[in-house]
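Q: Chain by chain, the residues run as shown.
There are 2 protein chains.
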Amino acid sequence: MNVNTPWDMSVNRRILEMEYAVRGPIPQRAAELKKQGRRIIPCNLGNPQALGQQPISFYREVLSLVEHPVRIARERRLKTLFNGGALGGMDADDFPSDYVLDLGERYLAQMETGMGAYSDSSGPQFIREAVARYIDRRDGADDVHLPRSDPGQIFITNGASEAVRYVIDLLIGDESDGVMIPIPQYPLYSAAIKRCGGVQVDYFLDEESGWAMDRTLLESSLAAARERGVAVKAIVVINPGNPTGAVLNEETIGEVIAFAGENGLAIIADEVYQENVYDADAGFVSFARVLGRSDVPLFSVHSTSKGFYGECGHRGGYLEIRNAPRVKDANLSFTDLVLKQASVNICSNTVGQLMMYLLVSPPPENAEPYRRFTIERRKILDDLHDKAVMIRAGFDHMDGMACFGRTGAMYLFPRLDRLPEGKDDFDYCMGLLEETGLVTVNGEGFGQEPGTSHLRIAFLPSREVIEEVLPRWIDFHNAYVN
Amino acid sequence: MNVNTPWDMSVNRRILEMEYAVRGPIPQRAAELKKQGRRIIPCNLGNPQALGQQPISFYREVLSLVEHPVRIARERRLKTLFNGGALGGMDADDFPSDYVLDLGERYLAQMETGMGAYSDSSGPQFIREAVARYIDRRDGADDVHLPRSDPGQIFITNGASEAVRYVIDLLIGDESDGVMIPIPQYPLYSAAIKRCGGVQVDYFLDEESGWAMDRTLLESSLAAARERGVAVKAIVVINPGNPTGAVLNEETIGEVIAFAGENGLAIIADEVYQENVYDADAGFVSFARVLGRSDVPLFSVHSTSKGFYGECGHRGGYLEIRNAPRVKDANLSFTDLVLKQASVNICSNTVGQLMMYLLVSPPPENAEPYRRFTIERRKILDDLHDKAVMIRAGFDHMDGMACFGRTGAMYLFPRLDRLPEGKDDFDYCMGLLEETGLVTVNGEGFGQEPGTSHLRIAFLPSREVIEEVLPRWIDFHNAYVN
Chain D
1 MNVNTPWDMS VNRRILEMEY AVRGPIPQRA AELKKQGRRI IPCNLGNPQA
51 LGQQPISFYR EVLSLVEHPV RIARERRLKT LFNGGALGGM DADDFPSDYV
101 LDLGERYLAQ METGMGAYSD SSGPQFIREA VARYIDRRDG ADDVHLPRSD
151 PGQIFITNGA SEAVRYVIDL LIGDESDGVM IPIPQYPLYS AAIKRCGGVQ
201 VDYFLDEESG WAMDRTLLES SLAAARERGV AVKAIVVINP GNPTGAVLNE
251 ETIGEVIAFA GENGLAIIAD EVYQENVYDA DAGFVSFARV LGRSDVPLFS
301 VHSTSKGFYG ECGHRGGYLE IRNAPRVKDA NLSFTDLVLK QASVNICSNT
351 VGQLMMYLLV SPPPENAEPY RRFTIERRKI LDDLHDKAVM IRAGFDHMDG
401 MACFGRTGAM YLFPRLDRLP EGKDDFDYCM GLLEETGLVT VNGEGFGQEP
451 GTSHLRIAFL PSREVIEEVL PRWIDFHNAY VN
Chain W
1 MNVNTPWDMS VNRRILEMEY AVRGPIPQRA AELKKQGRRI IPCNLGNPQA
51 LGQQPISFYR EVLSLVEHPV RIARERRLKT LFNGGALGGM DADDFPSDYV
101 LDLGERYLAQ METGMGAYSD SSGPQFIREA VARYIDRRDG ADDVHLPRSD
151 PGQIFITNGA SEAVRYVIDL LIGDESDGVM IPIPQYPLYS AAIKRCGGVQ
201 VDYFLDEESG WAMDRTLLES SLAAARERGV AVKAIVVINP GNPTGAVLNE
251 ETIGEVIAFA GENGLAIIAD EVYQENVYDA DAGFVSFARV LGRSDVPLFS
301 VHSTSKGFYG ECGHRGGYLE IRNAPRVKDA NLSFTDLVLK QASVNICSNT
351 VGQLMMYLLV SPPPENAEPY RRFTIERRKI LDDLHDKAVM IRAGFDHMDG
401 MACFGRTGAM YLFPRLDRLP EGKDDFDYCM GLLEETGLVT VNGEGFGQEP
451 GTSHLRIAFL PSREVIEEVL PRWIDFHNAY VN
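Protein chains in written order, with the numbering used here: chain D, 1 to 482; chain W, 1 to 482.
Among the hints, erroneous ones may be present.
When chains are identical, the list treats them as one kind, so a pair holds in a single copy or across two.
Below, in silico cross-link-like pairs of lysine to aspartate or glutamate (DMTMM-like), each with a Cα-Cα straight-line distance of 25 Å or less [stated by the list, open to error]: (1) 79 - 98; (2) 328 - 424; (3) 34 - 468; (4) 34 - 129; (5) 379 - 112; (6) 423 - 32.
The hints are simulated quantities; they were obtained by calculation from the structure and are not laboratory data.
Just chain D, with the same shape it has in the complex:
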């Protein structure tokens, strides 16, 4: 409407060429269908609350108070009236617990300037300290075998995406610099590398071994890149895997660290799904824990968007740096330059910061909110697992649908072995969308072995929705491939 006779202008070609399929043509077509009144089931993104997952009450109670501090005193007065019997029809559960009221007050005291002020660029010191203590508890840091986490090496960010961009922007100095990424990968990595003008160095995961990492495949990928003149700076590992769901064990992580150490690579560990491990015989092991006292540089990221928290919209994340490299020819460390990047952005949003603080500070066993928190947490994780199992079981009824590996993260990434001649996974996902309203993303968006076809689905819809849509998917599938 306000576009008259627009001018032609040249642009940054790297942005022109950048791709991000999880918000690409398939979700865009879904948005059109939705406007036409069609029901859409958005499984293209790990966005649990968009599919009905309820937020953890504890988080929102605290948030609601610290955003409007006069409420804390008001709630105390209301509780007194209630305890005096003045509030017939209300229930004790209608009031925040004293634990939550005290926490809100303490949080604001530590923030000093409230939620409406810019904070330190790396995030408030007390939040970075709380994150460091969380990491130490998780990993059993003892300062002997495993150094404690240093709050000065932690940055609170707008989601993990921002943290990843800080690191990749810094690593890629010119067009010969490269970063190794798994195939399949989460396309934030390919997009971030493309935007910096660097080289994406693919290493393949071994699908039929449950999407395992394979040292031989790492070596050959690196050797081939170096032969092409690429200065490989780092390796990205996503654990638990996105889109694969694979969960790495201690031995594999140790091998990756050894590989990185021998080859002078930093490690970027995407650990945002660390709570999303469902198999009883698997457990999350962090890169930091296995790193121990090794000197390999590690950049680890976490997020408030995944796990059982699912607070995507609030955009909370952290970056923890270990063994920050020194900057060649400058009296600086990588951490100084991440701080500079964060400074230009002034600070991350304060609600994302709060969410991260709450993530790393769950209510202790003797606190009033503990019981409800634990029930909500357990229910979300159990539901996620059940829903993954349900969808996976549906694949058994789809001809030529093969899904490998354990179930971690929030996604299944099955292989489509019997697509008809002339059709690829993009056509399939578009067809599935038109037929069922299910929004998935085709394998090409994540990268895959040439000649194979996949799709990624986030196992997030409610059981009822899955029960309803799965038979329609099975029908669509078998008609499509036969």
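Following the hints, position chain W against chain D.
A: Just chain W, lined up with the frame of chain D:
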């Protein structure tokens, strides 16, 4: 602590060379002093709530409800009990108004998936529509002389900074591309251009004419850049000015648009201080309004951090594009590529989005919150003006301190005409910090005419703090320069 024997690695030199003085060495020294227990008055940033400005109650009431939706029904029940006389000692003001409760409900209904889900990458449609209506009201759009704002050309962003980076990242395709920026400028611009590897093309403002824009200075700056082989793509204008406080009139804006049109430049209009115009005889005029039906591309940014809102920590902003250029050799518009950048970031934070919605949707005259909202708004703006006048009056008692132009935005940018031999404005600001705790930023951080010295101070401390610190500043100053 966890830094063992860190490695040397090369980095992106553009980040190494990037500078951002408002969070540079002076504020870093201030942070050290604060740790030692010194009182610090942070006037280096436009961060009003860090200096005691209270948030607008209306905003926080709505936020507090939509973040914990069960509260809406609970507040209605409490109000019924209160109206029935059951809540002795409570006051009507202790409960959200029906207007606020209804607004919270309506907001959540329009959000569909609540505050915890990722939204559309450009922000929810209903918020972009509300922003468009706000722009139209502000500018008197009638679709005859002035096209209405198009919600499809609006992006809700994490503060205005993110919006500016989207545009500059897109405009700078290679090392010969340049963007014109005012001197003095807000260093986000120089940092963003540096990070992209582009050329910063300075144009000077005419200090003694009240930091006026001067067509001759624009022409000569452009001609000199073109002679050096720079492909100048756009001109940045900050109105009201940061750090200068200058407010542009319609005539000057018309001249800038004509200059841009004749020279094939897009305009980046930083209008984040549009509510911060204090002089009775000046008024804010937007670039969009003066643009009318012209075909010059315009990128206008706004923020929830400034004005009377001051919600810095919540990181809300918008970008409005008019006459989006077509991308050379591609069947795309600039808007498509801004959307792609926003997609890779998934979405801006939902609380910043809410704040922007509230900014553009103030309570109408007949609504319950109107009176209090208006009183709070008026008080904040009156205070800002008074505090600017107080500090400016203090300059009259400082030898060789010259402050030009009207008072807009949140800053004063006086010239230090009598620095002693061998001292520059950085030394002065450091001395001022050590002596008084006042954190300012030296003129070099914004750019200034060679041979001149300045400082920027945000006029945000309370009157009481100003009354106390100003005499100490005057003493420091006169001792320093004499």
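Q: Is it within a copy, between copies, both, or neither that the alpha carbon of residue 423 lies no farther than 25 Å from that of residue 32?
A: Only inside one copy: residue 423 and residue 32 sit 23 Å apart there, 63 Å across copies, limit 25 Å.
Q: Checking residue 79 and residue 98: alpha-carbon separation at most 25 Å within a copy, between copies, both or neither?
A: both (9 Å within a copy, 22 Å between copies)
Q: Using 25 Å as the alpha carbon limit, work out where residue 34 and residue 468 are close: within a copy, between copies, both or neither.
A: Classified as within; 19 Å inside a copy, 60 Å across copies.
Q: Is it within, between, both or neither when you check residue 34 against residue 129 at 25 Å Cα-Cα?
A: between (44 Å within a copy, 18 Å between copies)
Q: Up to 25 Å between alpha-carbons, please classify residue 328 paired with residue 424: within, between, both or neither.
A: neither (46 Å within a copy, 31 Å between copies)
Q: If the cutoff is 25 Å on CA atoms, where do residue 379 and residue 112 land: within, between, both or neither? Let me know, please.
A: between (36 Å within a copy, 23 Å between copies)
Hint 2 from the list above is the single one not met by this structure.
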